[in-house]
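Enquirer: The lines below spell out each chain.
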Amino acid sequence: MMNDHDMLQATRRRFLIDTAVLAGAAGIGLSLATGPASATPASMRTAIRKVVGEASVKKGRLKIDLPPLIENGNAVALTVTAESPMTADNHVKAIHVFTEKNPQPNVISVQLGPRAGQAMFSTRIRLADSQKVIAIAQMSDGSFWSDEIEVIVTLAACLEGV
Amino acid sequence: MARALINVPAKAKRGEVIEIKTLISHNMETGFRPDNTGKPVPRDIITEFVCKYNGEEIFRAELFPAISANPFLTFFTIATESGTLNFEWTGDNGFSASESANITVE
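Residue numbers (my numbering), protein chains in the order written: chain E, 1 to 162; chain D, 1 to 106.
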């Protein structure tokens, strides 16, 4: 005979199994959808899709510079550098930056050309939460490269009242 | 008229990669913050920045509410010839500002 405790154990076990199965399925779905930029909330995936279309995004050739521990999310120094010779037939066309948990996934999109000389820019951004920041570079040959970084934010931006 | 600060080297060697820094005063209201009554304050941001070197576009940025107040941008270009760099910001509610800087290339 099963007492209450056993019942509870059984349901708990069942629940854990179900959750694991679900999480696994979700994980596979996500990785199929975005490749390297996986396991991110849907709005960011949509925003990235809008930029890259059906092309695959590879990791590398791009570097995000953000402090790993951020005390004030209202102004965070961000630098993105891409490795590229920046010649007429091999240069970075655009760099896009996305966040996972800000109210909007887009942060900035810059367009460069061979006249830039160096594929690099800096700005200051707002971060609403501890989250993942992703940068994607579009090269002149049509390929996309990405880098991502996890940051911890102690004071969030955007959400407090006036 | 919003106050803008531009930092461009006055002189450069031909072919040298120069750094350009820009800063403009703008509060970049995100549109997500509630006011005293709980309603969100309407969005008011700069949406676009363009830099032209002697009329030719060398850098363009599309800005979103996630850019901090007083947008600051640093980028690079190759000093090709003496002339003028033009900077233009446009945004919500008809916001528009422009600034220029001269450069001598030897």
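Quick caveat, the hints were computed from the structure, so don't treat them as lab data.
Model, not experiment: these values are computed from the prediction.
For each residue, glycine too, the CB sits at the ideal point set by N, CA and C.
Check each hint, because a few of them may be wrong.
With beta-carbon atoms standing in for the labels, derived distance ranges [what the hints assert, rightly or not]:
id, chain 1, residue 1, chain 2, residue 2, range
1, D, R14, E, L69, 38 to 48 Å
2, D, G15, E, S130, 41 to 51 Å
3, D, N93, E, K59, 22 to 32 Å
4, E, T87, D, T37, 48 to 58 Å
5, D, K11, E, S130, 15 to 25 Å
6, E, T87, D, P9, 36 to 46 Å
7, D, P42, E, T87, 37 to 47 Å
Enquirer: For each hint given before, does the structure comply? Return the numbers of the non-compliant ones in rising order.
Expert: 3, 5, 6
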